[in-house]
Amino acid sequence: MFNYNFAIFIEIYKIKYMRPLLFLAPFLLVSGTLSAQLYVSPNTTSGSDSYIYANDAVLYVEQDIELVENTNAETKASIYFRGDAQLIQGDKLTSQNSGNGSISILQRGWANAYDYNYWGSPVGVPEGVAGNKNFGITRFFDVQDGGTHPTHSLQQETTGALNGLSNPLRISSRWIYALRGSNSYYGWVYIANSNGILPGEGFSMKGTRTDVDAHDQLYDFRGRPNDGDISITVSHNGTEGLSTLVGNPYPSAIDLAAFIFDNTAIEGQALFWDQDRTTNTHYIYDYEGGYGIWVPAGGDDIGDGTTSGTYTNPVYTYTDGYGTSGTPTGEVGEYVERRFAPVGQGFVVLGDETIGPGNGTVTFKNSMRRHIGLGAENFSQFKSQTNSSNKSNISEYYLDIMGSLRFHIGIDENYVRDMVLMFSDESTNGIDRGYDGSHPGIISSGDAYWKLEDVEKPYVIQTRPYDFHSKIPLGVKVKNGANYFEVSLVEIKGFDNIGNLKLFLFDAFEKTYQKLDLNNKALINHSGAGGVIEDRYFIVFKKGHHNNGQNNGNGNKNISALDFFQNNRAKQLEVYNPETIDIKSAYVYDMSGKTVIQESNLGKQTKYSFSTANLSSGVYLVKLITVDDIIIDYKVTVHNK
Numbered sequence: 000m001f002n003y004n005f006a007i008f009i010e011i012y013k014i015k016y017m018r019p020l021l022f023l024a025p026f027l028l029v030s031g032t033l034s035a036q037l038y039v040s041p042n043t044t045s046g047s048d049s050y051i052y053a054n055d056a057v058l059y060v061e062q063d064i065e066l067v068e069n070t071n072a073e074t075k076a077s078i079y080f081r082g083d084a085q086l087i088q089g090d091k092l093t094s095q096n097s098g099n100g101s102i103s104i105l106q107r108g109w110a111n112a113y114d115y116n117y118w119g120s121p122v123g124v125p126e127g128v129a130g131n132k133n134f135g136i137t138r139f140f141d142v143q144d145g146g147t148h149p150t151h152s153l154q155q156e157t158t159g160a161l162n163g164l165s166n167p168l169r170i171s172s173r174w175i176y177a178l179r180g181s182n183s184y185y186g187w188v189y190i191a192n193s194n195g196i197l198p199g200e201g202f203s204m205k206g207t208r209t210d211v212d213a214h215d216q217l218y219d220f221r222g223r224p225n226d227g228d229i230s231i232t233v234s235h236n237g238t239e240g241l242s243t244l245v246g247n248p249y250p251s252a253i254d255l256a257a258f259i260f261d262n263t264a265i266e267g268q269a270l271f272w273d274q275d276r277t278t279n280t281h282y283i284y285d286y287e288g289g290y291g292i293w294v295p296a297g298g299d300d301i302g303d304g305t306t307s308g309t310y311t312n313p314v315y316t317y318t319d320g321y322g323t324s325g326t327p328t329g330e331v332g333e334y335v336e337r338r339f340a341p342v343g344q345g346f347v348v349l350g351d352e353t354i355g356p357g358n359g360t361v362t363f364k365n366s367m368r369r370h371i372g373l374g375a376e377n378f379s380q381f382k383s384q385t386n387s388s389n390k391s392n393i394s395e396y397y398l399d400i401m402g403s404l405r406f407h408i409g410i411d412e413n414y415v416r417d418m419v420l421m422f423s424d425e426s427t428n429g430i431d432r433g434y435d436g437s438h439p440g441i442i443s444s445g446d447a448y449w450k451l452e453d454v455e456k457p458y459v460i461q462t463r464p465y466d467f468h469s470k471i472p473l474g475v476k477v478k479n480g481a482n483y484f485e486v487s488l489v490e491i492k493g494f495d496n497i498g499n500l501k502l503f504l505f506d507a508f509e510k511t512y513q514k515l516d517l518n519n520k521a522l523i524n525h526s527g528a529g530g531v532i533e534d535r536y537f538i539v540f541k542k543g544h545h546n547n548g549q550n551n552g553n554g555n556k557n558i559s560a561l562d563f564f565q566n567n568r569a570k571q572l573e574v575y576n577p578e579t580i581d582i583k584s585a586y587v588y589d590m591s592g593k594t595v596i597q598e599s600n601l602g603k604q605t606k607y608s609f610s611t612a613n614l615s616s617g618v619y620l621v622k623l624i625t626v627d628d629i630i631i632d633y634k635v636t637v638h639n640k
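Once you know that position 279 of the sequence shown is 278 in numbering that gives the first Met the number 0, the rest is easy, because the numbers rise by one and skip nothing.
None of these hints come from the bench; they were simulated from the model.
All figures in this text were calculated on a predicted structure; none of them were measured in a lab.
Straight-line C-alpha distance at most 27 Å; calculated DSSO-like pairs for lysine-lysine:
(1) Lys-570 - Lys-583
(2) Lys-492 - Lys-470
(3) Lys-510 - Lys-478
(4) Lys-603 - Lys-622
(5) Lys-606 - Lys-622
(6) Lys-583 - Lys-622
(7) Lys-470 - Lys-510
(8) Lys-603 - Lys-634
(9) Lys-634 - Lys-514
(10) Lys-622 - Lys-570
(11) Lys-570 - Lys-470
(12) Lys-634 - Lys-570
(13) Lys-606 - Lys-593
(14) Lys-501 - Lys-570
(15) Lys-364 - Lys-91
(16) Lys-622 - Lys-634
(17) Lys-570 - Lys-593
(18) Lys-514 - Lys-501
(19) Lys-514 - Lys-470
(20) Lys-603 - Lys-583
(21) Lys-510 - Lys-520
(22) Lys-583 - Lys-634
(23) Lys-634 - Lys-492
(24) Lys-492 - Lys-520
(25) Lys-634 - Lys-470
(26) Lys-470 - Lys-456
(27) Lys-583 - Lys-606
(28) Lys-470 - Lys-606
(29) Lys-622 - Lys-501
(30) Lys-501 - Lys-520
(31) Lys-514 - Lys-478
(32) Lys-501 - Lys-606
(33) Lys-603 - Lys-501
(34) Lys-478 - Lys-456
(35) Lys-501 - Lys-634
(36) Lys-470 - Lys-501
(37) Lys-606 - Lys-570
(38) Lys-570 - Lys-603
(39) Lys-593 - Lys-583
(40) Lys-622 - Lys-492
Turn these sequences into a full structure, and let the hints guide you.
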C-alpha cells in the first residue's frame, strides 16, 4: 500500500509543465493497488473532495488516468483545466483511462442560436470499462457565475425547441448531426441528445443566444478524457472523395499538419465551415455559409523550421431547399489561423481516390497533440477570436515554399474568390498532398479556380515548381450571357529567388497581356454561352533587369530579356538568353564580396548553367558583363540541404 505523501511525490514527479500548476489540497488519495499512473479520488476517510486545478499549464501523464467522482456539487470534477491549461498523455495505441470521474475543460463557440459550429469532443461518457467512450451533448455543462467561479458548473438540460438558451444553458438537440462519408445533404445523421457521437467524430450544433450582439458562448466539457489512437472511417465513391466530419478528440490542441501527413486515406487538406453570424433563420434556403480550405504548405514562418499553412477564406452562398449551395451572398468569411486545431474543433476531410471506391480510416494519435494556447498569434483559432496565450511545442512539419501569391477574383462585383498560388521545387504541376487545396464547390453563376495538370477537379490552392516560361491556367466558370471577372494580386510572400517579378494575365485568344501587381488589376469581360474555360486565361511571368543607363551595343537586342533562375533542385544557376546577347564574363559573389564563381567568353548561347552545388546556403550577387561592357546584376538565394 502506498502512503498519501509518497503518492503525491510520484505524481508530481511524473508531471511535466511549462508554468507552475496550482494544486488545491487534498491533491491525491491512493489506496490499495495503483492501477493508473495518475489516480484522483475523494478522501474516503475524511469525506473531502480531491481534485487538480491547472491554470495556463500543460499536465503531462505518460500512461493512464483513473478518476473517481467527487461528491460536492461545486467540485464534482477530478481535474480542472482553466485558461490555456491542457492535458497531454504519452504515445500509446490504446487508452486505459478509467473511472466515473471527469475532467473539466472549457471552450467558446459562436453563440448565435441560428448558426452552426462544428465540434469535436475531448471527452466521453465516464462509465463502463476502461477506454474511450462516446459523447453526447448531456456532457456539456453550464459554467456558473459567468465563468468567474473556478470549478462550479451544472449539467445543462437539452431542449427540443428550435432555439437553445444561454442562461441557464439549454442546447437544442434539433441541430446535433454527424456526417459519415456523404456529399449529400441527406447524408447527415441525426444524433439528437443521445450518446451517439463516436470518439474522433465531429458534430454540428447551433448556438444558444438569439440576440445578434452575442458573439460567443462558454461551454464546459466534462467526462472521461480521450487518449491513444482514435480511428474514423472515411470514404471515396470512385468519382469523388466523400465528406466526413471529424473533430479534435483530445483535451489539448493537435497539429493539423501532422494529422494530414500521417493519414494518406484523405486528401491533403481540411475544410472548415463558416457562416454569416448575423443572418437569423432556421430555414435552410436562407442559410449563408461556406467552407474555407487549409493546407499545410506555405503561410508564415512560425519558428523551429515550420510554417503556419495556407488558408483560403470561404465564399458564403445561399443554400436551396435540398441543401445544395447556390447563389453567392456577396459576403466572404474571415481569415482564421488553422495550423493547430484547438480543443473542440471540428472539420471536414475528403476520402482520397487511392482508397476507393470504398472505405479507409484516419487516425488521431497522441503524437499529434500539442500544448498550444488559443489565439491567432499562436496559429490556433476556434473562430476569429484573438485570445492571447503562450506558444510552445511547435512541430517539425515544414514544406519548402519559394514564394506565394494570393489572388482575389471578384466575380460580377458580387463576391470574391480567394485563391493562392505557391511555388516549390518539391511539388509538381499535378496534385501534391499537403501543397494543394481543392475547390469547395463551383458556383454555376460564375466562379474561378486553378486548373492542375491532368486533373479534372478544380482547386483554390495550387503549388507547382517555379518555371519562368510556364503558363499557369486560370479556369473560369461562366454563365449564359455575361460575366465580369476582376483579377487582383493582393499578397506576395517570398520570391527571393525570383527577383524583379512581373506578373501578367495572358489572354491566349486575344494575345493580350494585362499587368498584375498590388496596384493593378486585370479584367475579364465574357459574353456568350455558359460553361467552363480552361485554355484561354493564364498567369505568366516576365522580369525586368537594368543596364545602368548604357546603350545596347548588341544592336537592337533587348538586354531586359535576360532571365535568371536559381534551380535549387538541380543545384545550379540558370541564365536564359533568348536574344543571344554576347556575354563576355560572369561573376558570382557572396555577401562578403568574395568571388565564388567566375566564367569568361560565354558568347551567344541561349542558356548558361553554373553549378552551385559547392556553395553554402545564402544570398549571392550575380554579375554579367556584355562584350559592350554593359553590366547586368541580379541576386539569387541558394538552398543546399
